[in-house]
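Trainee: Given the coordinates of chain X, assemble chain W onto it according to the supplied hints.
Protein chains in written order, with our numbering: chain X, 27 to 238; chain W, 7 to 130.
Calculated directly from the structure, the hints in this document are not laboratory data. Nothing here was measured: the structure is a model prediction, and the numbers come from that model. Just so it is clear, CB atoms sit at the ideal spot from N, CA and C, and this is done for glycine as well. Treat the hints with care, as some may be off.
Unchecked claim - Sample of chain X residues lacking proximity to chain W, with all beta carbon distances greater than 12 Å (derived):
1. A53
2. G104
3. F140
4. V177
Claimed, not checked - For lysine-lysine, the following PhoX-like pairs were computed, each having C-alpha atoms within a straight-line distance of at most 25 Å:
5. K85(X) - K50(W)
6. K85(X) - K101(X)
7. K101(X) - K50(W)
8. K95(X) - K50(W)
9. K85(X) - K95(X)
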Amino acid sequence: MSTGVGFVPEHGISAAAGDARSASGPASIRITVAYGFWIFLLSDIIMFSTLFATYAVLKDATAGGPVGKDLFDLKTVGVETLCLLFSSYTCGIGLLSAEHGRLRAFYLCFALTFLLGAAFLGLEISEFARMVSEGAGPSRSAFLSGFFSLVGLHGLHVTAGLVWLTFMVAQTAAQGLRDYVRRRLHCFSLFWHALDIIWVALFTLVYLMGVQ
Amino acid sequence: MSTMNEAGSNSAPSGPDRAPGYGVYAAGLGFALLLTAASFIVAKTHLLWPPGLPVGLAVLAIAQMGVHLVFFLQIGTGPDNTNNVIALAFGVLIVTLIVSGSLWIMAHLHTNMTPASALLNMTH
Numbered sequence: 027m028s029t030g031v032g033f034v035p036e037h038g039i040s041a042a043a044g045d046a047r048s049a050s051g052p053a054s055i056r057i058t059v060a061y062g063f064w065i066f067l068l069s070d071i072i073m074f075s076t077l078f079a080t081y082a083v084l085k086d087a088t089a090g091g092p093v094g095k096d097l098f099d100l101k102t103v104g105v106e107t108l109c110l111l112f113s114s115y116t117c118g119i120g121l122l123s124a125e126h127g128r129l130r131a132f133y134l135c136f137a138l139t140f141l142l143g144a145a146f147l148g149l150e151i152s153e154f155a156r157m158v159s160e161g162a163g164p165s166r167s168a169f170l171s172g173f174f175s176l177v178g179l180h181g182l183h184v185t186a187g188l189v190w191l192t193f194m195v196a197q198t199a200a201q202g203l204r205d206y207v208r209r210r211l212h213c214f215s216l217f218w219h220a221l222d223i224i225w226v227a228l229f230t231l232v233y234l235m236g237v238q
Numbered sequence: 007m008s009t010m011n012e013a014g015s016n017s018a019p020s021g022p023d024r025a026p027g028y029g030v031y032a033a034g035l036g037f038a039l040l041l042t043a044a045s046f047i048v049a050k051t052h053l054l055w056p057p058g059l060p061v062g063l064a065v066l067a068i069a070q071m072g073v074h075l076v077f078f079l080q081i082g083t084g085p086d087n088t089n090n091v092i093a094l095a096f097g098v099l100i101v102t103l104i105v106s107g108s109l110w111i112m113a114h115l116h117t118n119m120t121p122a123s124a125l126l127n128m129t130h
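Okay, chain X solo, but in the shape it has when bound (with noise of 0.2 Å):
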């Protein structure tokens, strides 16, 4: 498989060669997967509009309950937001290294890409943990049932990240940094890049103007 593409030029970001070819034939493989991939974000990031949509209209509906201000506490989202900043910069700066070579602090970014976002959903789920034991599960009213959808579909997306990380770190143990590990490895990171996004939009949306 890897042999297969072999003559075409991909050291890693190779933005010159990708040039010559758009003038003159079709890009190269690298460009052609990411261009695919960010067409499914956006696909993803347009399936989380509606589920902000839903939050938006129905977060007044709260049937007598808890309302945000009773429930969220800015110091942990102020925590999560970081531990996602965080993780982005580090998920960046291995993906760096990967194009680079250096596998050492490859494995030394993405273990902390993983830890900080293992720290955020860890976070996350004593949270929501605390909201169900306080009797505001997502039963309880219109509002927490928006909240729990959106928040709980991007607590599932970092899930889905983590096990992801640790799939392309094994990976690139088992097969070196081949060209189609790198591509693969530049996907998460436009992923995992994706996710914070939609976390300013939720930090902003849901806590922040919910506190108000």
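Mentor: Okay, now just chain W, sitting in the frame of chain X:
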């Protein structure tokens, strides 16, 4: 193959490397941290005129998403990026239609609904 230059090669390989450097990610992290801090400070204090707060927060969030797109996802103005930018523009259009359309329609439905209190009186 690449595992060989793992050890000791501290400098970026020369050659076809218009690669975004480490500085790009650092700059992105810096901008994102500033905008995040601004969002939380604005939300917690009375720095902004309260009725204008949602707009202020939305502006900060959109700015931060832009920072993430440019510095982390590296959707830029390069020739390779034209298709990505067009796809992004289409995505933004659909997201805007879904979110603003839902809010618009549901706000109208809401004003046309019988109030819950009146509904209770009708059934009893």
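Trainee: Under the constraints set out in the numbered hints, which ones does this structure not fulfil?
Mentor: Failing hints, ascending: 1 and 2.
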